[in-house]
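Chemist: Mind assembling these two chains? They're in different frames, but the hints should get you there.
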Amino acid sequence: MIAVVDYGIGNLRSAEKALVKVGGDARLVANPQDILTAQGVVLPGVGAFGGCARALEASGLRDAVLKVIEAGTPFLGICVGYQLLYENSEEDSGIEGLGILSGRVKKLAGDVKLPQMQWNELRRVPGKESAMLDGIGASPWVYFVHSYAPDPVPHLDNVVAVCDYGEEVAAAIEKDNVWATQFHPEKSGAFGLAVLSRFVERCRA
Amino acid sequence: MRTVRVIPCLDVDEGRVKKGVQFLDLVDAGDPVELALRYDSEGADEVVFLDITASSERRSIMVDVVARAADMLFIPLTVGGGIRTLEDAKGILRAGADKVTVNTAGISRPVLISEIAGELGSQCVVVAVDARRSPWGWEVYTHGGRNPTGMDVLEWVDRAVELGAGELLVTSMDKDGTKEGFDLELTSEITSRVDIPVIASGGVGSLEHFAQGALEGGADGLLAASVFHRKEISIGEVKAYLSARGITVRPA
Numbered sequence: 001m002i003a004v005v006d007y008g009i010g011n012l013r014s015a016e017k018a019l020v021k022v023g024g025d026a027r028l029v030a031n032p033q034d035i036l037t038a039q040g041v042v043l044p045g046v047g048a049f050g051g052c053a054r055a056l057e058a059s060g061l062r063d064a065v066l067k068v069i070e071a072g073t074p075f076l077g078i079c080v081g082y083q084l085l086y087e088n089s090e091e092d093s094g095i096e097g098l099g100i101l102s103g104r105v106k107k108l109a110g111d112v113k114l115p116q117m118q119w120n121e122l123r124r125v126p127g128k129e130s131a132m133l134d135g136i137g138a139s140p141w142v143y144f145v146h147s148y149a150p151d152p153v154p155h156l157d158n159v160v161a162v163c164d165y166g167e168e169v170a171a172a173i174e175k176d177n178v179w180a181t182q183f184h185p186e187k188s189g190a191f192g193l194a195v196l197s198r199f200v201e202r203c204r205a
Numbered sequence: 206m207r208t209v210r211v212i213p214c215l216d217v218d219e220g221r222v223k224k225g226v227q228f229l230d231l232v233d234a235g236d237p238v239e240l241a242l243r244y245d246s247e248g249a250d251e252v253v254f255l256d257i258t259a260s261s262e263r264r265s266i267m268v269d270v271v272a273r274a275a276d277m278l279f280i281p282l283t284v285g286g287g288i289r290t291l292e293d294a295k296g297i298l299r300a301g302a303d304k305v306t307v308n309t310a311g312i313s314r315p316v317l318i319s320e321i322a323g324e325l326g327s328q329c330v331v332v333a334v335d336a337r338r339s340p341w342g343w344e345v346y347t348h349g350g351r352n353p354t355g356m357d358v359l360e361w362v363d364r365a366v367e368l369g370a371g372e373l374l375v376t377s378m379d380k381d382g383t384k385e386g387f388d389l390e391l392t393s394e395i396t397s398r399v400d401i402p403v404i405a406s407g408g409v410g411s412l413e414h415f416a417q418g419a420l421e422g423g424a425d426g427l428l429a430a431s432v433f434h435r436k437e438i439s440i441g442e443v444k445a446y447l448s449a450r451g452i453t454v455r456p457a
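Taken in sequence, the protein lines are chains U and G. For the first sequence, counting from 1, position 8 maps to 8 in the numbering used here; every step adds exactly one. With positions in the second sequence counted from 1, the corresponding number in the numbering used here is that position plus 205.
The shape of chain G in the complex, shown without the other chains (with noise of 0.2 Å):
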């Protein structure tokens, strides 16, 4: 039985959280361990916490907040941004995650992502996938989606597969920020040709995007962040639509 996650993912900036959280209640809206509390009080399935600190001292901070969250959440983080090295995986998996995403550093070093799985295993490997789309096809983008790389998405997510990739992480960066949906299309070529579990990212605005990405796009994880931190949908709606639509998930 397949069962579809929902995942919501928190932008941490020098270990505070940025993106406009609206959670009033909570106590320090900033905390991304609150707020990651909140999620999985509310139903979540896994968190994502995304380091774009932009400093690479300051990196270190959050080591610290995965092991702040280590000793409250009990459900499966996943922590990227900044991984470059082996070293950096294993201080964020000792510290207390569950997986690590790799982005930029594994198009630049590829091999990275095979260290990373022989050393700790593949189910610890998320490569992350930024795409846009171009003239022939999908391009992959590094740096939080700034630099083009002339890579064409599908040969790269193959090679990540080969690579030792357990898991993909997919955002479309012409549909993220938009709500118009995740880009299925790119989704849907992702998930037909991969043998992975696929996380589909960027776009969501509204429940049926949610169904979309898994019954058109094949997702076996539903990543969104604006949509739950500014509470326009709540994990529990996004589980019961889910669910009536005929979607195989976890009860929030």
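One chain only, chain U, in its complex shape (with noise of 0.2 Å):
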């Protein structure tokens, strides 16, 4: 079974129902014990870094969370999702996020209207390999919404693919059993689901 995270925020269906398109047993879970137990963990997030971190916390689901990460369960994160794994965020200061990652989500610089809202061709960083992404051969445009994102991309490691949008976004990181896109794959369109796929089949190993 893979766990969606349902932590009480606006739409899961999607992620979900994505996950089952394209094979996998998930379900909206919402106690711990099924986290810990999930063969894989999808924590997606819509709004605000400081709302998605006050209901995750809330929820009582954050140290589920926390330790199927540390176990080595595939960890899929997505949007706000992603961003909760850095250290902390501009858009609501002093609220922790999960720490995983080094670094601090910032507002998107560049003169471009935010957020970003729109279709966005990825970028794969050379010579990085990626088991989320590589030999996928749908057409690498993702959707994004988000006006925020982690540190500028030379100061950050792990990342596999980046968007432009005034400047550099990381738009997908992987660390060991963690995967995590700023993108949202549910709503890609057939890339996505192909990235779903991979999360997916991951589980299944």
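Hints are computed from structural coordinates only; laboratory data are not their basis. Backbone N, C-alpha and C fix where the C-beta goes; we use that ideal spot for every residue, glycine too. Hints may be right or wrong, so weigh each one.
[Stated by the list, open to error] DEER-style ranges, computed between Cβ atoms:
no., chain 1, residue 1, chain 2, residue 2, range
1, G, K436, U, R104, 49 to 55 Å
2, G, T453, U, T37, 23 to 29 Å
3, U, G60, G, K384, 53 to 59 Å
4, G, G350, U, R54, 39 to 45 Å
5, G, G235, U, R54, 54 to 60 Å
Modeler: Structure, rendered in structure tokens:
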């Protein structure tokens, strides 16, 4: 079973349904035990960093999420669920993220409209292998909705793909069992479903 | 990089698409979900469902339509029409929509925009504005373009942004249905004064109209209904044309 962490925020159904579409046994899960025993865990997130961080804490699921990440369970963070992996965010100073990755989430710079609410083309980071993205045949256009993103890319480890929006934006990271995307694979058509399919395969392995 | 979105809009009445849809090969051309999937396969960047159901008791049908769409449609879905309360918005988003549009209710009770933005994030609140030219500029209309409000469109969009709108959907009531092209003056007035994405709507009749909306209007999204439903123009053609005019689009 793949646990889609249900911590009381926005549209979680899309992520669940997209995983089901590619053959995953995905379910919205709201108790720690189901997260701890899952073969894979997905942490979605929409809205603000602080709101999501507080909701995760209030749901009582934060510790379970940290535990499965430490235990090596395949993990996928999406959008704010990706940003939460970092230490904190400029969006809501003083609220801690999960701190799995070092770095801070900052407001997108450059002369661009915020949020970035559009499709954008992924560019792979040269020399970085990616179990999540290597060899996907579909056109690498994905859907983004965000105004913030982790630190400027050159300062980050583990970035496997970027997009250009005023500046270079860290669009996807991989670190051991942790995969995460700033874009929404569940809303990115064929390419997004292929990414989720990779995740489902990994959970089975 | 700014990428312009091409967005088909489906008017849905009691769960059925009503406007002359001419996809004869669809099993059920009146099913919004099937039509949305068709547009997805043709390269639509997003789909809008606009609920035009008159009877408020029958509006819950839309939640079921959205839930069915969420099972199969994996591009962004925006749903509008009849969103009166925070609970209405939550119901639609929980069913699987990504954004809700707020129109009439946002004017009679502007705090609704803040309530939805505060609880669910600005990114899911699209403020829809129906605009008609008046001697003093553009006037905001409500109730599907029937009721004048006396409000100035430009002042209202500024207010909507302050209240927490994440996007604007601007329909020219003068151009809607005319096939004369978007109201470019209206669109560019708005895109030059707000920092959030703007979707232009109303009046598209040719490929060049789409390009004008992006180039002269500065729109981030280009919405059309009848030219797509009547198969006069395909989404693939629009994207090829925009691309040839130097506008970045996601390839169809």
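Chemist: Could you check the hint for me, namely that G60/U and K384/G are 53 to 59 Å apart, CB to CB?
Modeler: 56 Å, holds
Chemist: Holds or violated: 49 to 55 Å for the Cβ distance of K436/G and R104/U?
Modeler: About 50 Å separates the Cβ atoms of K436/G and R104/U, which means 49 to 55 Å holds.
Chemist: Within 39 to 45 Å or not, the Cβ separation of G350/G and R54/U?
Modeler: Check passed, 41 Å falls within 39 to 45 Å.
Chemist: Go ahead and decide if the range 23 to 29 Å is satisfied by the Cβ distance of T453/G to T37/U.
Modeler: Distance hint for T453/G, T37/U is violated at roughly 45 Å.
Chemist: Is the distance from the Cβ of G235/G to the Cβ of R54/U consistent with 54 to 60 Å?
Modeler: The hint (54 to 60 Å, Cβ to Cβ) is violated, given that G235/G and R54/U are roughly 44 Å apart.
Hints 2, 5 from the list above are not met by this structure, while the remaining hints are.
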